[in-house]
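A.B. asks: Keeping their order, the protein sequence lines are chains A and B. Mapping the first sequence onto the numbering used here, position 103 (from 1) lands on 103, and the numbers just tick up by one. Mapping the second sequence onto the numbering used here, position 70 (from 1) lands on 70, and the numbers just tick up by one.
Don't read these hints as lab results, they were simulated from the structure. Watch out, some of these pointers could steer you wrong.
Said to hold, decoys possible - Below, computed lysine to aspartate or glutamate pairings styled on DMTMM-like, alpha-carbon distance capped at 20 Å: (1) Lys52/B with Glu80/A; (2) Lys11/B with Glu80/A; (3) Lys175/B with Asp253/A; (4) Lys175/B with Asp58/A; (5) Lys52/B with Asp58/A; (6) Lys175/B with Glu80/A; (7) Lys11/B with Glu77/A.
What the hints assert, rightly or not - To be clear about the criterion: a stretch of chain B counts as covered by chain A if any three or more of its residues have a C-beta under 8 Å from a C-beta of chain A, and this derived list gives those stretches: (8) 27-34; (9) 142-149; (10) 177-184.
Claimed, not checked - Derived Cβ-Cβ restraints for the label pairs, each shown as a range: (11) Gly149/B with Ser251/A: 45 to 55 Å; (12) Gly40/A with Phe57/B: 29 to 39 Å; (13) Arg12/B with Gly172/A: 37 to 47 Å; (14) Asp253/A with Ser151/B: 33 to 43 Å; (15) Asp32/A with Glu62/B: 22 to 32 Å; (16) Pro162/B with Leu23/A: 50 to 60 Å; (17) Ala15/B with Ser37/A: 23 to 33 Å; (18) Asp9/A with Asp16/B: 45 to 55 Å; (19) Ala13/A with Ser59/B: 35 to 45 Å; (20) Gly133/B with Thr10/A: 20 to 30 Å; (21) Ser122/B with Ser24/A: 18 to 28 Å; (22) Ser251/A with Cys161/B: 51 to 61 Å; (23) Leu163/B with Arg5/A: 49 to 59 Å; (24) Ala206/A with Gly149/B: 40 to 50 Å.
Here a beta-carbon is modelled for each residue, glycine too, at the ideal position from N, C-alpha and C.
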Amino acid sequence: MEDLRVTCDTIDALALGQEGDDLSPVERAAVDAHLRSCPGCRRRIGEARRLDLRLRDDAAEQHAPARLWARVIGRIEVEEVSPRRSTRRRFVVGAAAAAVILLLALTLAGPLDWRGDEATPVVVAESTNDFITYRLSERGPDVRGPDYRAVAGWLASRVEFSLPRDLAAPAGYRLAGARLCSFLKQRLVSYMFEKGGVAAYLYVMAEGDRAVLGTAWDATAEGFVSYRAQGLTILVWRESGLIFALVSDLSEDDLAAFRRDMSAGAKRPDDGRPPEPVILRASRPAAGVVAAT
Amino acid sequence: MGRWFDSARRKRRQADYAALTEPHLDALFRTALRLVGTVEPAEDLVQETCLKAYRGFDSFQEGTNYRAWLFRIMRNLFIDTHHRRGEPTVVDLDLVRNEARARSVTDGSGRHSPEVLYLHRSFRRDLLRALGGLAPETRLVTVLILVEGFSYDEAAAIVGCPLGTVRSRLSRGRKQLQGQLTDYLDAEGVAGDKRAGLCDEAG
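Looking at chain A on its own, in the form it has when it is part of the complex (with noise of 0.2 Å):
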C-alpha cells in the first residue's frame, strides 16, 4: 500500500474508522495530501469525525439509572424463587413474585425513617412499569402515639380499597410508621411495628391484579404463604378482599404469631363471641384454586 492512490471514493475507508488506525505514515501522509486539496472530502471526513468525537463524548457522560441493576437482580431473584423450576414447593407464582417485589420496594425505599414523634414527609412512589421510583411530595399526618386510626383515616383517602378498620399492633409492638408506596400501578399501605428494636413491616393492597396473583392460591393450613428472601422472612396471606405480606428478620414462627395476634386482636367482636376463622379464598375462583382457612 505504500504506492496508495487516494482518490474521494477511497478517502472515507483510510480516513475513517479502523483501517485508518493501520496506515504507515507514507499512507497518513498521502490521506492528508488528499485532505488538503479537496474541500468536499476535508468538510465531509471532518464532520465525519466530529461525529465520532461526539458520540463517544455523550456515551461517556450517560449511565444506567441507579435503580437498573436493583430492577436486575430482583428478576433474577424472583426467577430463583419461582416454582417453574422446582415443582416440590406448591408456592403460589404471583404470590411470590409479589412479595418479593414487594420486599424490593421495601429495599428501594430504603429504610422507614417516619419516626412517631415527628411529622415526616410521607414517601410516595410512582411506579413505572411493574417497578417504583420513590419520591417525597407530601406531608404526613403526626403520628404521635400508636394511634393506628389516626394514620389508617388519613391513609384511607389516598388508596382505591378500604383499609381494615381496626388492625391491631401485637402485644409489646408499637405503630412506628406507615407510608403510601405503589405497585404495579396499584397504590399499596405500609405498616412498620416496632419492638425492642426489632421492625415488622406489614403491606397491605387491594387483591385487583388477578393477572399479578395468579389464580392459584395454595397456602399452608395456617393459611399464608411464607419463605424467605434476601435474609428477610415473608408471610403473604389474603384477607377481606386484600392482600397482606409481612415482611421482617424474625423467624417465620414469630411472624405467624404476629400475624395471629394482630388478627385475633382486630376481629375481636364486642360480644365476646370467638373470632370468626380468617377465610383465605380467590375471588374468582378457577380450575386448580385451592381455597384455605
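Go by the hints and put chain B onto chain A.
C.D. replies: What follows is chain B alone, placed relative to chain A:
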C-alpha cells in the same frame, strides 16, 4: 443437605454473574437507549438482556468475549422486539430528567456553561431521533462501533453478518447521522477541526 448445596451453588453463580455483568451495565443501557430511543423500554431491554444472560450463564464459555456475548443477546432481543412491535417514534421527555443525573458536561475549562449543557442535551435528543431513522441493523452496527467502540470483527460476530456488511451498514449509518446532525457538527468550528485532526494546532 442437598438444599444447602443448591443454595450455595446458586449464590456463587449469582455472584459470578454479577461480577461479570454489572461492569457492562452502563454500556448496555447506553446502547439500549440508542436502539429503542426511550428510557423505560431501554431499561426493559437491558433487564431482559441481563435476565437472559443469567439463564444462559452456564453456557457462556470462560475466556471468550463476555461483553460481546451480552451485546449479542441484546441484539437478538432488540431485533425480535422490533419485528414484533415495530419502531418507536417518540423521544422520551424523561431524558431531560435522566440528564440531570448524568455527569456534568464540561467545556474544557472544567466548568459547564448552560449553553454547553443545552447543546449537549439537544444533541442527545436529536441523536436519538436520527438513530430512530436508521434501519434497525444499521442502527445497531453504528452504535456498537461508533458509540461503544467495538471492532468491526466484534460487531460482525454480534450482529451475525459478514465484515463487508458491517462496513456498508456503518458507512450508511454514519452518512445518515451526518445528514441529520449537521448543525452540531458545524457548531464546533475550528475547535472541532482540531479535535477531529483536520488542522494542526497552529491553524
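A.B. asks: Three or more residues of the region 177-184 of chain B near chain A by CB distance under 8 Å?
C.D. replies: That given contact holds, which follows from 5 residues of the region 177-184 of chain B lying within Cβ reach (below 8 Å) of chain A.
A.B. asks: Given the hinted pair Lys175/B and Asp253/A, is their alpha-carbon gap at most 20 Å?
C.D. replies: 67 Å, violated
A.B. asks: Decide if the proposed pair is consistent with the structure: Lys175/B and Glu80/A, CA atoms, cutoff 20 Å inclusive.
C.D. replies: Measuring from Cα to Cα gives roughly 46 Å; hence the hint is violated.
A.B. asks: Check the hint pairing Lys11/B with Glu77/A against an upper bound of 20 Å on the C-alpha distance.
C.D. replies: Holds - the C-alpha atoms of Glu77/A and Lys11/B are around 11 Å apart, at most 20 Å.
A.B. asks: Verify the CB-CB distance for Arg12/B and Gly172/A against the hinted window 37 to 47 Å.
C.D. replies: Given a distance of about 40 Å, which is inside 37 to 47 Å, the answer is holds.
A.B. asks: Using the C-beta atoms of Asp253/A and Ser151/B, is the stated range 33 to 43 Å upheld?
C.D. replies: 58 Å, violated
A.B. asks: Is it true that the CA of Lys11/B sits at most 20 Å from the CA of Glu80/A?
C.D. replies: With Cα atoms ~10 Å apart, Lys11/B and Glu80/A stay inside 20 Å; holds.
A.B. asks: Using the C-beta atoms of Pro162/B and Leu23/A, is the stated range 50 to 60 Å upheld?
C.D. replies: At 23 Å between Cβs, range violated.
A.B. asks: Against chain A, does the region 27-34 of chain B show at least 3 residues with beta-carbon separation below 8 Å?
C.D. replies: holds (count 4)
A.B. asks: Looking only at beta-carbon atoms, does the pair Ser251/A, Cys161/B fall within the given range of 51 to 61 Å?
C.D. replies: The hinted range 51 to 61 Å holds for Ser251/A and Cys161/B, with Cβ atoms some 57 Å apart.
A.B. asks: Lying within 49 to 59 Å: is that true of the beta-carbon distance Leu163/B to Arg5/A?
C.D. replies: 23 Å, violated
A.B. asks: So if I understand the rule, the pair passes when the alpha-carbon distance is 20 Å or less; does Lys52/B with Glu80/A pass?
C.D. replies: Answer holds: Lys52/B to Glu80/A is near 13 Å, not above 20 Å.
Hint violations for this structure: numbers 3, 5, 6, 12, 14, 15, 16, 17, 21, 23, all remaining hints satisfied.
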